[in-house]
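Listed here are the chains, written in short residue letters.
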Amino acid sequence: MEACDKRLIKNAQIPWRILEGETLLVDQSEGELIRLNAVGTEIWSVIDGRRSVGDIIHHIEETFEVSNKQATMDVQRFLKQLLRQELVVEAPIS
Amino acid sequence: MDEPKSPATLAEAEPRRVELDPPPAALVGAEPISHVVMMEDHDRAYYAWKDAGFKDRILVHLDAHLDFDWIAYRDPLSLLKTQNLREVEQLLAEGSRWNLARRRVEELIHVGNYLYPTLNDGLVRSVYWVVPDQVMESQIERKALVEIFNERKKKNPQGVQQLRWKDGKFLAALCGKDVTVCRLQDLPDIHEPVLLNIDTDYLVVHSFCDPYPYVDPRALIPWIWPQELVSRLAEKGLTTDFVTIAYSVQGGYTPLAFKFLGDDLRRLLEGRPLSEEDHKILRRKQEAVQARQLGKTDETIAAWERALALRPREPAIHYNLAELFYEKRCPERASAHYRRATELDPSYRLTEDRMSPVNQIWGLRKKVAAEYQMALAFDPGNADAHTGLGGLLAHQRDWERAVSHYNKALAIEPAHARARYDLGYIYARHGRWEAAERELMQALGSRDYEGLAQFWLGYVYAKTKRWAQAIASYEAALRLGNRNLPLHWSLGGLYLRTGRVYKAMRQYRRALRMLAAVPFVLLRRSARHMKNFARRVSNGSLR
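In the order they appear, the protein sequences are chains V and Y. Numbering follows my numbering, in which position 15 of the first sequence is assigned residue number 99; successive positions increment by one, without gaps. Numbering follows my numbering, in which position 543 of the second sequence is assigned residue number 545; successive positions increment by one, without gaps.
Careful, some of the hints might be misleading.
[What the hints assert, rightly or not] Only part of the chain Y face toward chain V is listed, based on derived beta-carbon distances under 7 angstroms: (1) Pro78; (2) Leu79; (3) Leu81; (4) Leu82; (5) Leu87; (6) Trp100; (7) Leu102; (8) Glu477; (9) Tyr504.
[Claimed, not checked] Here are some chain Y residues the structure puts well away from chain V; computed CB gaps all over 12 angstroms: (10) His193; (11) Asp212; (12) Glu237; (13) Lys282; (14) Gly297.
Quick caveat, the hints were computed from the structure, so don't treat them as lab data. From the three backbone atoms N, C-alpha and C, an ideal C-beta is built for every residue, glycine too.
Chain Y with its partners taken away, still in its complex shape (with noise of 0.2 angstroms):
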């Protein structure tokens, strides 16, 4: 492991948490705790433990999510760097992936993964993950919990041993490290001081049987206030030296509305004694939250401007009242809220991540676009909204109003990856082969689109006849982790094409072995789109 570096590094990454020589440990909820780290994406808690220079602990994780998955991070080159052919068969044994993209380690962590390297690296020996009481609380939901470690465990047999169930507890070994996960009242005694790491979205999630995040758009409400969870953490007797908050916004796993959750806690765990003020504006957030639930807007109103009468700095408070007044049809009122929310913490500005996943993953389409249209009433030069709702209108096949979305998206944000990713995609897909390129060849410029670009830029050069820049960009898009069926059917073909037999029948093999995995039923669905299609083809009715 790197050295640890100095808090003052660390406060540089994370400004205004990190201080100098860290305090004796303090017991949670009683006792303040000066090391709280509060971020927005989840694994920037790895890179806070590896700076403080922690190895050997225990880690109390409360989220709504493990966090943990495989990364392929190993350098395929590595296995020629070995003293002996034992450790090559043990690097292989290990079942790891191998980082054939060749991507810095740095880019492969992510809010999914970032507990592998934090197990991995030796900085924590031990994992309780502490879930959602309801969690525990039905067979189906506990069938869910243990369906994420095999999923972990159908990857990478080795890496995951001893799933099973004890005293209502569920055990595990994950890289050869105990997890146990249990509600907090479950939680054991630990006689040394832990590193408590929150995610927001443990509040905020009711089920595992939701997909995925488990965000519910139609339940938002917590199940547990800040409040009543750090006195549950008190009982517990927890001790920690370093707390790490996440908000997890991005993505969808903590809606914005309910981004004060996190803030809350950290106040509450700082441990700056509470004014009466601050119990007042508790209890009114969670009236507002609790009415808004109930479908009572003016009430939620009233108890949200009761809030900002004791805190009229706190953007949180603005950001709630902006989409209630927009929901109430008072234009002016909730922009002037949302630019208040927005210059007091930039963070409430809705871009493309804090908006939609939810309602998007769920099916609510208009909701969805809703929630851009409200963006786009609050800040008309907002790229993303308008990426959004192209994207919507393109799932509709409204090409048209599809392409001028995104071009506005592309004239307030020329590098705006999606938009360009997204464009290059409907000109492929309607051969206008020139401005499909010049797209999808600025697109390649983004981590989260390179895959997508290249595998369709194969396709572009594979129209144009121009085979070796087709087969370069398949292959690029397989090592960028784009299997899929077409790209090996596609990719077999063109070394065909160019009488690379063998390398074609391998594609073909893949190709054949994902086509054999398909369902029965979208066999028979994509059986009756090429009936349909054959018949508007016989008809003319295609053009």
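So that you can see chain V by itself, here it is in the shape it has in the complex (with noise of 0.2 angstroms):
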């Protein structure tokens, strides 16, 4: 489980595009072209390296009225999820 005051950025190399509600992700290092649904579109969009993972679960229960527990487990293993492949790394800590 990711700490909830961890701060996660994009990775640089991994070009992408929100296209009809959907984003794509181009990992040319694997060959493959990933496709994240509304939620995950909607996580990712707010990945910027500031935000934190709690303000990320924060974000993912108030956009989606669902419940802190559904939010917590939603997110963090799409995190978990991006993080292995690494879609996103860790920012620094400032």
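These two chains come separately, so use the hints to put the complex back together.
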């Protein structure tokens, strides 16, 4: 589980674009196109190195009107996946 | 498509051929054709057609090879430039492979795939692939022909459709365009001027069952001569305004000794009336080739010398005489003819590509070595011949002599990419990391060796515990299309070592998938090698 105060930034090596509500990410090292659904896109759009994981959970909770427990579980699982695939990296501590 | 370039620009790319304003179409074999463009590499035909501004034409392709394969030309970033998700889906469904190395399209087009952009760009709307007659005459040959299409279908099922036989012809749709494979005699009447595209290897390939590129070094005799081919074309009543002829010597498609067939074809198609002397030369050449096939060296020499008396400045005659005098152990006369041939036409110089590929493919190593020795006898400063000999010696694990030949090659030509790469490989295998790195780094500049050099650099870095550099090199090798089991396995290990478990697992999965595809017999063989290796280690015989 990612600590709630941890901050993440998008991997600068991964070009991406939002199209019709979906995020398309091109992982050139793996030769893959990764598509994020609406919730994934919302999370992706708030990963900016300033907001913490806790902020992102709160944002999803409010945007999609889900419980904190549900939002925490979904966001944590999703961020773990992004980190494993190196689509995002931990922001340096300022 | 780009604006058509002026014929003058085109003439610059292929000197001497193209004039202003295309003339009306000519009846092939009966009327002179003024646009006959000669080229060594057949992919130049694509650029010639493109530059001339052709669109929606019919292509008649006389060739022993289809010259069609998929090009991984699509920039993955184009997915991000689409207007909507449907477009994304379409791009993904097309099954085209992605250009992960981000090479320029021109770098991806070669002699084996230029018909793909030709069809894809709409330069032609249908293709008649005219194959050597024998290729249609037995079931086993026809099966080999169908396999050529099936291989392309495997890579891109959407792009190859409607494979079927009809009236002795094989039909297919490639990129949605009709392709008909047939013998020349089965070519239907075509009522418009065609683009006529001839590869010299069409005249010398007898069977699609021989190892690729289908040239049989034991039967080096054309199955059809240029005179007969042109008269058969004339019988078909074919008209054309543009002919492309490729020699295709490089890569072993047409043996260098037969390059003259392309020139003779050009003379016949250009339609300058042939003199009695020209006819005599054509006959002498035919006699010479037939005598050589029968092993009658003296008769062969006599025939070529009679041809030489009639046309003393034809490089092909000098080149063939050089080979024959070398065989007869007359090195001085041989060298003199070789010198003359290369003075008259430098493309007769024996380079790596023009020598051994076919003998090598057939495993005729003695013949390959003899060819390199001959090249060195003619020209001791031939870096390619030294490199070739180095390669043969390395194959026999005679590392010391191999290295000596590579060093000789590099003393002559310091930028010789293959010599650099091979040396780097040998040093890497022998744990001479610094030397290996130095040579491999220099081989990186070559398009042909970049991927392999990256792979071995990755190996060197891994062995010297420079993990980040090793990963970067292996990743570069992957992007350049070097996908093999050791690479995926090693990269997986490196990811794991650096804590990137997810990426490691993906590489291991790929390696295991490849392992599953290795035939059982190979696994047994490698198990035997492992056993021998273990025995040698325990005996202490392995240094």
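How the hints compare with the structure:
{"no.": "1", "hint": "Pro78", "result": "5 angstroms, holds"}
{"no.": "2", "hint": "Leu79", "result": "6 angstroms, holds"}
{"no.": "3", "hint": "Leu81", "result": "6 angstroms, holds"}
{"no.": "4", "hint": "Leu82", "result": "4 angstroms, holds"}
{"no.": "5", "hint": "Leu87", "result": "5 angstroms, holds"}
{"no.": "6", "hint": "Trp100", "result": "6 angstroms, holds"}
{"no.": "7", "hint": "Leu102", "result": "5 angstroms, holds"}
{"no.": "8", "hint": "Glu477", "result": "6 angstroms, holds"}
{"no.": "9", "hint": "Tyr504", "result": "4 angstroms, holds"}
{"no.": "10", "hint": "His193", "result": "46 angstroms, holds"}
{"no.": "11", "hint": "Asp212", "result": "35 angstroms, holds"}
{"no.": "12", "hint": "Glu237", "result": "51 angstroms, holds"}
{"no.": "13", "hint": "Lys282", "result": "60 angstroms, holds"}
{"no.": "14", "hint": "Gly297", "result": "53 angstroms, holds"}
Consistency note: the structure conflicts with none of the earlier hints.
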